[in-house]
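A.B. asks: We have chain A already, so just place chains B and C on it with the hints.
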Amino acid sequence: MKVILLAAGRSKRMQPIRDKNFLDFLGKPLIQWQLEMLWKTGFKDVAVVGGKHNLEAIAELLKKIGKKVALIEQKNLDMGMCGAVLAAKSFIGKDAVMVFSSNDVVEEKAFKVMLSAYKSGKASSYLIGKKVDKYFPGGYLKSDKKGFISEIVEKPEPGKEPSNLINLVVHIHSDSAKLIKHLENVKSVKDDLYEVGLTNMIKDGVKMMAVPYDGFWQPLKFPWHVHSVFKYLFSISPKKRAKSAKIAKNAIINGDVIIAEKAVIFDGAVINGPAYIGENTIVATNALVRDSHVGKNCIIGFSTELARSHLGHDVWTHTNYVGDSVIGNNVSFGSGTVTGNLRLDEKNICVDLDGNKIDTQTNKFGLICGDNVRVGINTSLMPGIKIGNNSFVGAGIVVPENIPEGSYVRAKWELKISKNEACLESKGRAEMRKRMEK
Amino acid sequence: MKVILLAAGRSKRMQPIRDKNFLDFLGKPLIQWQLEMLWKTGFKDVAVVGGKHNLEAIAELLKKIGKKVALIEQKNLDMGMCGAVLAAKSFIGKDAVMVFSSNDVVEEKAFKVMLSAYKSGKASSYLIGKKVDKYFPGGYLKSDKKGFISEIVEKPEPGKEPSNLINLVVHIHSDSAKLIKHLENVKSVKDDLYEVGLTNMIKDGVKMMAVPYDGFWQPLKFPWHVHSVFKYLFSISPKKRAKSAKIAKNAIINGDVIIAEKAVIFDGAVINGPAYIGENTIVATNALVRDSHVGKNCIIGFSTELARSHLGHDVWTHTNYVGDSVIGNNVSFGSGTVTGNLRLDEKNICVDLDGNKIDTQTNKFGLICGDNVRVGINTSLMPGIKIGNNSFVGAGIVVPENIPEGSYVRAKWELKISKNEACLESKGRAEMRKRMEK
Amino acid sequence: MKVILLAAGRSKRMQPIRDKNFLDFLGKPLIQWQLEMLWKTGFKDVAVVGGKHNLEAIAELLKKIGKKVALIEQKNLDMGMCGAVLAAKSFIGKDAVMVFSSNDVVEEKAFKVMLSAYKSGKASSYLIGKKVDKYFPGGYLKSDKKGFISEIVEKPEPGKEPSNLINLVVHIHSDSAKLIKHLENVKSVKDDLYEVGLTNMIKDGVKMMAVPYDGFWQPLKFPWHVHSVFKYLFSISPKKRAKSAKIAKNAIINGDVIIAEKAVIFDGAVINGPAYIGENTIVATNALVRDSHVGKNCIIGFSTELARSHLGHDVWTHTNYVGDSVIGNNVSFGSGTVTGNLRLDEKNICVDLDGNKIDTQTNKFGLICGDNVRVGINTSLMPGIKIGNNSFVGAGIVVPENIPEGSYVRAKWELKISKNEACLESKGRAEMRKRMEK
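Residue numbers (the numbering used here), protein chains in the order written: chain A, 1 to 438; chain B, 1 to 438; chain C, 1 to 438.
Next up, chain A with everything else stripped away, as it sits in the complex (with noise of 0.2 Å):
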């Protein structure tokens, strides 16, 4: 069986993200977990399918891996899934095909139940119907007694679900001719080009089945997805401390912690798992980590809290908090700098999308930060906002708003200077000092 692995969006919604495929987990891409997951359930013969924007990194970190994967361009990535698919049809050939998405993070249990299914030999097509509990707005899974699905329901109105099965990108496609035929001629349709195609293979009479899956799953579509990501492969990681890491004696840990190589530890730090201290990252003196996860190179200043958060590498915070926030790489706050992430009407936070507003779904969100960014010292970022690329930010500012890319941001500020007729002399000290020793 051949897999496809779907890595050629654009990661628009992850903005200021770069490419979510490259966001890192615990030392490595999300691409390379996603990879090894299908290596581990046994999986051999893996292509993955880029686009011109992201091609020559998955190339270089295919090549650092060492296994072979084959790569492939998506040319047009406005077809979506089903341009993706097309474009690997010579790679599939004749052989079944899973097609799975990068943007779903799912626990290895949800390829042996696709793979379970599929050798019983029931139905042609395999789509997996991830259980849910309440209503979440994506694609419903519409089935028989027996499993036979005879319709994908995208985003019904709530308590409207045909099912409680909603359809992650985990398919299995015996019969690939037929696959790529449909996919063919679904050309008239604007957006989900690949799920039209595969309702036609329903009406074409192909036997669809749902193979319902209890496990994990994240989509990984939105910057307020990245925590539980880091929460999953955190809790599926070997809980280790590097020898070459430097913990002082001082120093508070609790809980699963992983701290990598090289990392330093100072007295009076405090680290709470879950939490990932990257390689030759520093958590100072007097700063608390916990739930959260820090890239390589970073510094976790003094008396920083970071907290809910995800770091990228080389990030140096300095007497900041830092929670429930997605930062880049190369990225400074200045001390006293603060991410708020809760509104004072404790409404939920909305980010701002291209002019849309989007509802996190949660009271507690704070900042979504680009990378080579720089932040200057007592600023105060309102939750939900981001800070684009390249961009700096002045000291002493509130930032109610979104940056774009490659910002200069400062405030106007209108100093009164006048002349101070009062001189304080020191003794007036001594007395202060003696009424605060009472």
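Take these hints with a grain of salt, some might be off.
Identical copies go unnamed one by one, so any copy, or any two together, can satisfy a pair.
Claimed, not checked - Keeping only pairs whose Cα atoms sit at most 30 Å apart, straight-line, the calculated BS3-like set for lysine-lysine is: (1) K419 with K12; (2) K94 with K178; (3) K64 with K44; (4) K416 with K347; (5) K190 with K203; (6) K427 with K246; (7) K240 with K427; (8) K347 with K262.
Read the hints as simulated data drawn from the structure, not as lab findings.
C.D. replies: Below, chains B and C alone, put in the same frame as chain A:
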């Protein structure tokens, strides 16, 4: 003997603190402390005189306490203590009566010296006289060598005090009928009707004796009196740490500290007594609580310092400095927000009360904060200001004056966004780090 | 041999630091360190040349030290070192003289190599030549193979240095009569009269020898030189911790740290050497002092970080970051105030000196702060600025430029206060807390 506890005052000078009788100290409202003090001394026949604004709350509290206490409504609140005693006329009947104001926090000894004087039978009425070392702007008892009072001198000029005895409201009247008669006849004055009534009693030949008292006394009129009351009530309480409290091994507790049920003290937190940590309250990592009262369900967040302050319930702080402040219930401060508690010129802090500047007589005083308040991140609250109930204050603001109840405070921000020509690569980081490590 | 210690300079480039001779290092003013260095080497006949501005202070110090030192006033300060030597004419008499500037901090070895050269008798005058590895903008000694100086080349262009020997002011002249004569004749130039005099001596046939020196040297001209002087003087001092100092059990002290009498180190404080903690100074809970000098009666407040900085006396900090800064005496910073010490573009910090931008040659430099200064809470002080003596700076301000002496700096704040429609009940808290604890 009957006791009437005067609790009908409207706490105007305490605003936005709603009713000082219900200000909580160590898990109990002030009025309960006062009642328990009376019971402990042996008084059994006690009535509380309340007003329309707090009658229901007092009734509920009395029900909860479960001891028999009469509850009397004073309808004409403008008549002050005089009106309160008259409202209790039928409760008092023909018995001797002790009049005690909930405004005056004293120790048990005060009642004991009064009872002992009363038993001596030397006079008909007895007024307690708190011995003071230095000028206090209150009413002074002018008496002859035998202790018989000839006059109550209200707020004499400094240096013109007729004695060193301040008139607190712990008074015993053997002849309650005469008291009532004189109070009923005082109608032509605006203020201090009760005191005028007492003066008339003296003129009428009633023997009124000053009973010297050198124990603790703190009038609770202004918010800056709260801390002293806390310290006294703390001093007479057992220094208990609840077994259900969780105290991290790396937390540090110095001096006398009371920790209530289910409180949680995190690693690196420091608590320096006297300090009260309320039920279900969290003192988070690297926070410092010193010389303060923290109510229930509070969070003293990461790296917050709380000093000489009184917090009600459900107060959440986060990387703040809260000093010399009185904070109501259901309040939160965003990370980096600071209560200023010292003027640049180090002069005494004045507080605006309905347009009048009241000197707190100290150069260290912070914030007076009502209930249901939210303050954003990195905001600066100037010394001695009040934030009214149900108000929101935005991020990164300097608040120089009182904020009325139900306000939403924002600053006008004008950002200048220009093109950022610089793009810093992360390799600069490696060099800087190398220099730092030298 | 006579020694004249030149201390009449007006420290203009150090402003607002008043007089660098009286800048305190480890409990002693710089000029005392210089005198002690001379005495330790064996010099006995020493005169200090001061100016009207510091003559009294020097006299007082000399009295306090109690050793016999001549004190000479230089009246014409515009004549620089030349004027200083001439002022000492009668003190010098006919003896050989060593001229030493208090601007140049060197180690004892400097005097030893000079004395040894002088004893050789090979020349009439001897100028020390500090060996440098890379370009330094100073005066270079051009000499022949035997070491005889032909010229002093002031600030050559980089790459055009005539040697690797920098002319410091540690000079011995055997023929003081000739020195005086030549200095008296130098009258037609504006600057560097002393150097012109030396050049004329060479032209006149005086044998002047370069004495190579490879020990410590730090010129103290600009505030960013102070830290290096501290580190040197620290390195030669015994690493004593006073018995009268109180160090909490939970404080952490790493590396070489000197703690003076009656200093107090609180729980959770961290001090990383090299560090000097002055007499009666408090390092409070969870504060961090690293690589810094703290004078006497200071408070390094809760959760403050002090790095690579020099604090005078009576400096009170509170939840601050003070980095790469030089702070005078009797100063306080409100909670949350930060000294920025790195530009967003990470370029070298420049300091404005009377309208000229001086490059500090480093990208990490903070604040230069005079005496009797108060800064409010949450204020942001941009890298490389100066705050003049007797100035107040308000709260929540970004200070981008030098503040002149005796200023009162405020920002214009325009608050928008509207009606707050929301009223959050505290029960929302219970739910949020439950989610947090998951």
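A.B. asks: Does each hint hold? Answer for all of them.
C.D. replies: Hints, one by one, checked against the model:
{"no.": "1", "hint": "K419 with K12", "result": "between (54 Å within a copy, 22 Å between copies)"}
{"no.": "2", "hint": "K94 with K178", "result": "within (10 Å within a copy, 105 Å between copies)"}
{"no.": "3", "hint": "K64 with K44", "result": "within (18 Å within a copy, 72 Å between copies)"}
{"no.": "4", "hint": "K416 with K347", "result": "between (38 Å within a copy, 22 Å between copies)"}
{"no.": "5", "hint": "K190 with K203", "result": "within (20 Å within a copy, 92 Å between copies)"}
{"no.": "6", "hint": "K427 with K246", "result": "between (45 Å within a copy, 23 Å between copies)"}
{"no.": "7", "hint": "K240 with K427", "result": "between (56 Å within a copy, 28 Å between copies)"}
{"no.": "8", "hint": "K347 with K262", "result": "between (41 Å within a copy, 29 Å between copies)"}
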